[in-house]
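Undergrad: Taken in sequence, the protein lines are chains Z and F. All letters in the first sequence, in the order written, are residues 1 to 109 by my numbering. All letters in the second sequence, in the order written, are residues 1 to 115 by my numbering.
Be a bit skeptical, because a hint or two may be false.
Computed cross-link-like contacts, DSS-like style, restricted to lysine-lysine with a CA-CA straight-line distance of at most 30 Å [as the list claims (entries may be wrong)]:
hint : chain 1 : residue 1 : chain 2 : residue 2
1    : F       : 22        : Z       : 57
2    : F       : 41        : Z       : 68
3    : Z       : 76        : F       : 52
4    : F       : 52        : Z       : 57
5    : Z       : 76        : F       : 41
6    : F       : 52        : Z       : 81
7    : Z       : 68        : F       : 52
8    : Z       : 76        : F       : 40
9    : Z       : 76        : Z       : 57
10   : F       : 22        : F       : 52
Hints in this document: simulated from the structure, not taken from any laboratory.
Residues per chain are reported as follows:
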Amino acid sequence: GQNIDQPTEMTATEGAIVQINCTYQTSGFNGLFWYQQHAGEAPTFLSYNVLDGLEEKGRFSSFLSRSKGYSYLLLKELQMKDSASYLCAVRDGDYKLSFGAGTTVTVRA
Amino acid sequence: ETGVTQTPRHLVMGMTNKKSLKCEQHLGHNAMYWYKQSAKKPLELMFVYNFKEQTENNSVPSRFSPECPNSSHLFLHLHTLQPEDSALYLCASSPGLGLASGELFFGEGSRLTVL
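Model the full assembly from the supplied sequences, consistent with the hints where possible.
TA: Okay, here's the thing in structure tokens:
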């Protein structure tokens with residue numbers, strides 16, 4: 001089966017940096033996704049990594065190491081609106097996404 | 001607004017009721033999905049349709065019956081559900097499958113409570 005692990009909860013202060021780690025063991029690998037989900041809202045796409053390295057998109061960056069089965073999402077200059085659940089997902093075939101249980105990030109003033 | 005609309009947003013039903021969840025996407029996508037999201041658990045893929053044809057049934061109990069009349073609409077028919085079926089049901093779409101799959105676009109979900 002697929003195994004995707006990420007921390008359950010993280011708390012950080014406004015303006016700070018938070019790094020959400022994700023480790024995976026899947027039968028195949030065809031890309032890793034990060035989604036953001038605010039309470040009561042749809043998950044929205046944040047980033048996609050298929051090659052090793054860092055992808056930067058504004059305040060958010062995502063890193064992938066395929067040999068280590070590891071990714072992280074880096075949130076910089078945290079804002080209150082960044083309080084949400086962050087979902088790590090691995091595409092292990094043509095289209096199937098296997099998700100982690102999500103990391104709830106709480107940003108405090 | 002993600003381009004994927006789900007109705008109803010909230011549904012309470014008894015175990016003997018029959019109800020349906022509806023999903024509509026305005027993105028011109030060809031693939032549509034049903035996911036189940038329970039508290040503190042990973043999203044579980046239930047069904048996948050591509051060009052109206054079902055390509056995935058992830059061992060879902062028969063009390064959940066999907067219907068995809070066209071590439072823009074997806075239904076989930078519910079009957080004789082159990083309390084453990086209470087969850088958030090998310091619909092998603094993508095441009096296609098395989099190399100054309102891209103990322104998923106999710107609806108806001110239908111929160112189902114089974115009494």
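Undergrad: Now, for every hint given, state plainly whether the structure supports it.
TA: Hints and how they fare:
Taking the CA atoms of residue 22 of chain F and residue 57 of chain Z, the gap is near 34 Å; set against the 30 Å cutoff, the hint is violated. Proximity of residue 41 of chain F to residue 68 of chain Z is assessed by CA-CA distance (about 24 Å); at most 30 Å being required, the pair is judged to hold. Under the criterion of a C-alpha separation no larger than 30 Å, the hint pairing residue 76 of chain Z with residue 52 of chain F is inconsistent with the structure, at around 42 Å. Among the hinted pairs, residue 52 of chain F with residue 57 of chain Z is inconsistent with the structure: their alpha-carbon atoms are about 35 Å apart, more than 30 Å.
As the CA atoms of residue 76 of chain Z and residue 41 of chain F are separated by approximately 27 Å, the hinted pair is consistent with the 30 Å bound. For the given pair, residue 52 of chain F sits about 37 Å from residue 81 of chain Z by alpha-carbon distance, which is inconsistent with the 30 Å threshold. Between residue 68 of chain Z and residue 52 of chain F the alpha-carbon distance is near 38 Å, which puts this suggested pair outside the 30 Å criterion. With a CA separation close to 25 Å, the supplied pair residue 76 of chain Z and residue 40 of chain F stays within the 30 Å bound.
Taken as a hint, the residue 76 of chain Z and residue 57 of chain Z pair is honoured in the structure, with Cα atoms around 11 Å apart against an allowance of 30 Å. The straight-line distance between the Cα atoms of residue 22 of chain F and residue 52 of chain F is roughly 15 Å, inside the 30 Å bound, and the hint therefore holds.
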